[in-house]
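The listed protein sequences correspond, in order, to chains A and B. For the first sequence, numbering that gives the first Met the number 0 begins at 0 and goes up steadily by one. For the second sequence, numbering that gives the first Met the number 0 begins at 0 and goes up steadily by one.
Heads up, a few of these hints could be off.
Pairs count within a copy or across copies, as identical chains cannot be separated in the list.
What the hints assert, rightly or not - Below 30 angstroms or equal to it, Euclidean Cα-Cα: the simulated DSSO-like pairs (lysine-lysine) are:
| hint | residue 1 | residue 2 |
| --- | --- | --- |
| 1 | K27 | K302 |
| 2 | K94 | K287 |
| 3 | K94 | K29 |
| 4 | K287 | K27 |
| 5 | K189 | K94 |
| 6 | K27 | K189 |
| 7 | K27 | K94 |
| 8 | K287 | K189 |
These are calculated hints, taken from the structure and not from any lab test.
2 protein chains.
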Amino acid sequence: MYIGIDVGGTNLAAGLVDQEGRLLASSKRKVNPSLGPEAIVSDILAVALEVLEAGGASREQVEWVGMGIPGTVDRASGVIIYTCNLPFLNTPVRKLFQSGWNIPVLLDNDANCALLGEVFCGAARGRESALVLTIGTGIGAGVLIDGRIFTGFNGAGTEVGHMVIETGGRLCTCGRRGCWETYASATGLKALTREEMERSPESLMWRLSGGTLEGAGGRTAFLAAREGDEAARRVTEEYIRFLGAGVVNLVNIFQPEILCLGGGVSNEADESFLFPIRRIVERERYSKEVPQTEIVRAELGDKAGMIGAAFLGRVAYRGSGAFPGRNGNKFGV
Amino acid sequence: MYIGIDVGGTNLAAGLVDQEGRLLASSKRKVNPSLGPEAIVSDILAVALEVLEAGGASREQVEWVGMGIPGTVDRASGVIIYTCNLPFLNTPVRKLFQSGWNIPVLLDNDANCALLGEVFCGAARGRESALVLTIGTGIGAGVLIDGRIFTGFNGAGTEVGHMVIETGGRLCTCGRRGCWETYASATGLKALTREEMERSPESLMWRLSGGTLEGAGGRTAFLAAREGDEAARRVTEEYIRFLGAGVVNLVNIFQPEILCLGGGVSNEADESFLFPIRRIVERERYSKEVPQTEIVRAELGDKAGMIGAAFLGRVAYRGSGAFPGRNGNKFGV
Numbered sequence: 000m001y002i003g004i005d006v007g008g009t010n011l012a013a014g015l016v017d018q019e020g021r022l023l024a025s026s027k028r029k030v031n032p033s034l035g036p037e038a039i040v041s042d043i044l045a046v047a048l049e050v051l052e053a054g055g056a057s058r059e060q061v062e063w064v065g066m067g068i069p070g071t072v073d074r075a076s077g078v079i080i081y082t083c084n085l086p087f088l089n090t091p092v093r094k095l096f097q098s099g100w101n102i103p104v105l106l107d108n109d110a111n112c113a114l115l116g117e118v119f120c121g122a123a124r125g126r127e128s129a130l131v132l133t134i135g136t137g138i139g140a141g142v143l144i145d146g147r148i149f150t151g152f153n154g155a156g157t158e159v160g161h162m163v164i165e166t167g168g169r170l171c172t173c174g175r176r177g178c179w180e181t182y183a184s185a186t187g188l189k190a191l192t193r194e195e196m197e198r199s200p201e202s203l204m205w206r207l208s209g210g211t212l213e214g215a216g217g218r219t220a221f222l223a224a225r226e227g228d229e230a231a232r233r234v235t236e237e238y239i240r241f242l243g244a245g246v247v248n249l250v251n252i253f254q255p256e257i258l259c260l261g262g263g264v265s266n267e268a269d270e271s272f273l274f275p276i277r278r279i280v281e282r283e284r285y286s287k288e289v290p291q292t293e294i295v296r297a298e299l300g301d302k303a304g305m306i307g308a309a310f311l312g313r314v315a316y317r318g319s320g321a322f323p324g325r326n327g328n329k330f331g332v
Numbered sequence: 000m001y002i003g004i005d006v007g008g009t010n011l012a013a014g015l016v017d018q019e020g021r022l023l024a025s026s027k028r029k030v031n032p033s034l035g036p037e038a039i040v041s042d043i044l045a046v047a048l049e050v051l052e053a054g055g056a057s058r059e060q061v062e063w064v065g066m067g068i069p070g071t072v073d074r075a076s077g078v079i080i081y082t083c084n085l086p087f088l089n090t091p092v093r094k095l096f097q098s099g100w101n102i103p104v105l106l107d108n109d110a111n112c113a114l115l116g117e118v119f120c121g122a123a124r125g126r127e128s129a130l131v132l133t134i135g136t137g138i139g140a141g142v143l144i145d146g147r148i149f150t151g152f153n154g155a156g157t158e159v160g161h162m163v164i165e166t167g168g169r170l171c172t173c174g175r176r177g178c179w180e181t182y183a184s185a186t187g188l189k190a191l192t193r194e195e196m197e198r199s200p201e202s203l204m205w206r207l208s209g210g211t212l213e214g215a216g217g218r219t220a221f222l223a224a225r226e227g228d229e230a231a232r233r234v235t236e237e238y239i240r241f242l243g244a245g246v247v248n249l250v251n252i253f254q255p256e257i258l259c260l261g262g263g264v265s266n267e268a269d270e271s272f273l274f275p276i277r278r279i280v281e282r283e284r285y286s287k288e289v290p291q292t293e294i295v296r297a298e299l300g301d302k303a304g305m306i307g308a309a310f311l312g313r314v315a316y317r318g319s320g321a322f323p324g325r326n327g328n329k330f331g332v
């Protein structure tokens with residue numbers, strides 16, 4: 000069996016997973032970003048041992064520990080190069096973890112872990128060509144090509160959230176203007192919602208938000224639109240239009256066999272989320288005379304990162320010339 | 000040796016190429032799109048035999064004939080599925096050609112041929128990770144991943160010209176609005192030039208265009224800007240901004256080791272073309288703490304398609320699940 004750990008800015012979530020992707024046990028603990036990197040790795044080790052105990056398993060039964068990181072990792076050396084929300088900077092996480100438990104440790108970013116979760120036991124099960132989008136604070140993507148994770152030559156590819164879809168548009172945290180994720184992430188949806196609320200003082204969205212702009216969240220517009228609120232409908236339509244624009248771009252660029260939409264927003268009803276996106280893709284995709292990409296919802300929800308991390312030992316990489324993944328990693332198939 | 004044929008909407012250009020990519024002879028003839036597909040394939044056969052004679056070679060010395068097509072091809076069956084500018088529609092080009100000369104015939108789109116040209120004997124020589132852009136009537140891209148051409152599962156991927164960079168923007172020939180190529184192709188440049196000329200009756204661009212809007216071409220704004228014309232400078236700056244926006248998107252998505260800019264526009268002086276694009280990429284790319292993509296000019300000019308087509312027998316494909324290329328084509332390495 001394997002242990003997968005989703006290392007988030009708020010929580011550490013560990014799962015004990017068997018070869019078939021069944022989640023045998025899970026464990027969670029808060030992470031305190033104000034602690035130093037060594038203390039956080041100690042917490043990662045602690046949550047790994049917790050889930051082992053919760054599953055009634057011994058250290059010897061575990062083949063490896065995989066970790067999904069919200070940032071840039073060096074897969075070969077097991078170092079976290081950089082993360083936004085945690086104080087890791089060129090931190091040798093593998094080495095630190097192994098000083099407490101000497102077991103193979105594999106790292107990748109959270110978007111690739113979500114991809115692996117869906118490929119090994121979710122909506123993209125058994126596919127060799129897949130793209131999984133995680134729509135959250137930003138937009139992450141994992142891309143599978145011929146059964147391997149595509150990384151770019153330097154390991155930093157598939158940053159699709161930072162594809163400009165509106166030249167000179169909204170300022171993004173990355174410094175560019177008009178990046179897809181400034182419109183189509185949950186953060187972007189909240190911004191569109193609040194802007195429309197300011198224009199529409201009579202909108203139901205105010206009541207659902209407790210009368211304050213700050214109270215508006217990623218679900219507010221979808222909930223109000225379902226009640227027939229016109230201002231909310233404008234928000235959801237605009238949001239879907241932005242999200243769809245980027246999805247069509249990715250279909251035209253990658254032509255994956257299947258594209259899975261994940262993250263909190265993807266839990267909205269099919270009528271207001273999945274179906275309109277499918278209609279946009281059908282209408283706007285470039286190559287119409289060839290087999291088409293299936294557009295589906297991701298299946299594993301917030302467990303995708305944890306389960307996918309557990310499968311990091313069963314995948315190899317594609318395109319990462321600068322990293323050993325080029326010829327498959329140590330545990331690669 | 001090999002024969003490579005660039006099948007364009009106006010010309011057929013054939014080259015006799017040796018193993019090292021040296022162009023031993025070339026031949027060209029006009030194509031008449033009003034003739035039926037069979038007649039055009041006869042012309043393709045004729046130009047192939049012409050270049051053979053021009054090079055003083057015999058049929059037996061040629062290992063295969065490669066063709067670059069401005070459209071969608073089925074590589075496995077040697078059928079042109081569709082082209083914009085020629086009357087091919089599910090045309091069995093390989094079969095038709097072989098009825099006159101029974102030799103292996105390989106087909107791919109022109110953007111992938113330009114990629115191969117640069118990879119085998121141009122700016123991306125010897126690279127395993129590369130992206131070659133051809134900026135012409137539209138924008139084509141070929142992407143090399145681990146030494147193979149990336150195609151998407153259905154063979155129709157890397158249509159980067161149809162990545163929206165301006166949601167709801169200019170109408171594209173594909174039916175979407177705001178596609179990159181409506182701004183950043185040579186056609187887009189001409190449109191920007193003519194719009195600015197209408198706003199600026201005093202601009203030097205009018206004189207360079209013989210006093211008519213129709214006289215303005217892809218070079219007009221660059222030429223006038225070099226003479227200090229302010230209106231022309233606005234055009235070239237806007238054009239470079241649009242071109243750069245898409246280039247940064249592609250760097251963030253593919254992180255190729257090298258990105259080559261080809262097509263007519265790329266012949267402008269480095270100061271007004273290559274250097275400003277490099278500055279935009281350096282400023283706007285997402286992942287700054289990893290090795291960076293080199294941004295260079297393509298080297299083979301209008302011979303890239305012909306030379307690249309000649310090398311179609313020496314490459315295999317990546318990601319094309321629906322086509323035999325998945326495991327390398329018959330002549331693949």
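Hint check results:
1. K27 - K302: Intra 12 angstroms, inter 60 angstroms, cutoff 30 angstroms: intra-copy only.
2. K94 - K287: Between copies only: 25 angstroms across, 50 angstroms inside.
3. K94 - K29: The answer is within: 22 angstroms in one copy meets 30 angstroms, while 65 angstroms across copies does not.
4. K287 - K27: Answer is neither: 46 angstroms inside a copy and 32 angstroms across each miss the 30 angstroms cutoff.
5. K189 - K94: neither (39 angstroms within a copy, 57 angstroms between copies)
6. K27 - K189: within (27 angstroms within a copy, 58 angstroms between copies)
7. K27 - K94: within (22 angstroms within a copy, 62 angstroms between copies)
8. K287 - K189: Between copies, since 28 angstroms is at most 30 angstroms while 34 angstroms is not.
The structure does not agree with the numbered hints 4, 5 stated previously, though it agrees with the rest.
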